[in-house]
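Trainee: First to last, the protein sequences are chains A and B.
Be aware that the first sequence starts at 3, since it is given in my numbering, and climbs by one per residue.
Be aware that the second sequence starts at 6, since it is given in my numbering, and climbs by one per residue.
It should be emphasised that the hints constitute simulated quantities derived from the structure, not laboratory data.
Hints are not guaranteed to be accurate.
Claimed, not checked - Rough simulated footprint, nothing fancy, chain B against chain A, three-plus residues with beta-carbon under 8 angstroms:
1. 4-12
2. 16-29
3. 89-95
As the list claims (entries may be wrong) - The following residues of chain A were derived to be distant from chain B, with all beta-carbon distances above 12 angstroms:
4. Thr-112
5. Val-139
6. Pro-194
7. Pro-221
Only a predicted model underlies this, so the values are computations on that prediction, with no experimental measurement involved.
C-beta atoms are modelled at their ideal positions from N, C-alpha and C, and glycine is treated no differently.
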Amino acid sequence: MMKTFRTMLKTELKLSLKGMDMFIFAICMPLVVLIILGVIYGNKAAAHGAEYSFLEQSFGGIASIAICAGGVMGLPLVVSDYRNKKILKRFRVTPVSPVMILSVQVAIYTTYSLVSLLLVFVVARFMFGLRLQGNIVYFIGGYLFVMLSIFSIGMMVGGIAPNTKIAGIIASILYFPMLIFSGATLPYEVMPQALRKVADVLPLTWGIKLLKAASLGLPVDSVLIPIIVLIAIAIVCIGISLRFFKWE
Amino acid sequence: MEDVIKVRQLSKSYKDLAAVKDLSLSVKHGTVFGLLGANGAGKSSAIECILGTKKYDSGMVSILGMDPQAKRKLLFENVGVQFQEANYQDKITVGELCEVTESLYKKAVDYRNLLGRFGILSKEKNTVSELSGGERQRLFIVLALLPDPEVVFLDELTTGLDTKARHEVWKILSNLKAKGLTILLTSHFMDEVEALCDTICILKKGQTVFYGTVPEAISKSPHDTFEDAYLWYSDEGADDDENI
């Protein structure tokens with residue numbers, strides 16, 4: 003079991019890095035957004051009299067860009083591509099389980115996300131003087147939790163999309179709105195009221211609210227609803243992806 | 006001798022089109038079974054139903070005493086499969102593909118040894134897409150043999166190989182058979198079938214039109230060579246209905 007996981011992870015990670023797209027979307031893109039927001043807003047306070055800066059307020063959002071890229075773009079596309087190329091068909095006549103195949107891909111996009119988180123933190127800390135005012139354990143716990151929830155959406159799309167084309171369309175429908183309107187790139191706080199209503203429909207918006215609360219040390223009662231929403235998404239999507247997993 | 010593969014009254018149709026009809030066969034331990042027929046006669050459908058990658062409408066299948074759909078993970082520790090099309094990840098190298106495949110099994114043979122026997126060890130660092138058709142074909146036979154299986158399914162075994170390479174593959178398979186490996190194969194080369202198969206089954210439009218040994222096939226036909234006898238049974242070329 004562990005041998006299978008390790009060997010598959012090593013090879014798939016190599017193949018993924020050769021592909022370059024996740025390096026661009028999950029590693030470079032968050033840094034670019036960070037630098038743009040940092041240059042525009044500098045160390046300005048988030049609001050008049052706020053105890054944290056605008057950038058500190060945006061940190062949770064920027065850190066989630068990699069989760070969004072890997073979860074709803076990378077994951078579903080690689081799984082449906084492997085189905086399309088009949089690689090899954092070949093796996094089907096070996097002892098490997100769907101859980102193993104999906105876990106390896108989840109581990110790869112987890113790696114991208116954690117590397118991105120670390121880079122974003124280091125650059126924000128040293129270029130823009132970011133302080134993590136909340137509890138770091140809560141923040142990392144929250145980050146992993148948001149990742150699980152968003153990745154489960156990608157697992158579901160990858161697990162059941164009938165072909166690569168449909169997987170690509172669904173991935174785009176999920177990815178671009180979440181990237182722009184969930185507060186990952188365009189800060190939630192600068193959105194007009196009407197746009198915020200749209201944002202609140204997106205799962206990642208709830209994830210970012212949670213990360214924001216953890217990074218800024220906001221009170222616990224503000225995170226209860228995001229947690230419930232994200233747990234519900236994870237249970238439903240993981241359940242569907244395993245129950246209806248298609249080899250071909 | 007025990008039956009390693011047993012199929013009873015297997016039928017499979019797509020909408021109104023019968024791809025396989027009432028197929029029954031049994032393959033004994035350490036023998037080679039050839040499933041023959043023109044393109045579209047139902048060979049691949051039959052193999053996929055036997056392996057459990059396609060659902061069949063009626064009938065019974067057992068491999069090594071197990072139902073392939075119910076006991077998939079257990080069964081495929083001991084069964085190797087080479088499909089007609091080669092399926093692999095973009096940019097994956099020969100070595101990586103072997104390493105990953107090896108890791109899927111509890112026990113596996115050394116893949117470098119097998120690559121060497123099939124004459125492609127020097128390609129270990131190449132990507133699979135760089136290989137020639139024949140090299141890729143040999144690679145996928147290697148992958149099927151990696152788990153040191155008791156049974157292998159080889160769909161279109163030597164398509165794309167030159168004569169020398171085909172003879173080498175036959176020699177390796179004959180040796181493995183002598184050691185007790187059971188083989189089910191499909192092939193379009195009748196010399197190959199004569200050289201390797203103990204029992205054959207010829208399909209035509211999903212129906213079994215001959216079942217027995219190669220000598221029996223010749224003697225029950227009006228022809229003297231197996232090639233002619235096969236054409237007589239399968240009526241190859243007489244039909245345009247090749248899209249099953």
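Trainee: For every hint, state whether the structure bears it out.
Mentor: Results for each hint:
no.: 1; hint: 4-12; result: holds (count 5)
no.: 2; hint: 16-29; result: holds (count 4)
no.: 3; hint: 89-95; result: holds (count 6)
no.: 4; hint: Thr-112; result: holds, 20 angstroms
no.: 5; hint: Val-139; result: holds, 35 angstroms
no.: 6; hint: Pro-194; result: holds, 44 angstroms
no.: 7; hint: Pro-221; result: holds, 47 angstroms
Violation of the numbered hints given earlier is absent; every hint is satisfied by the structure.
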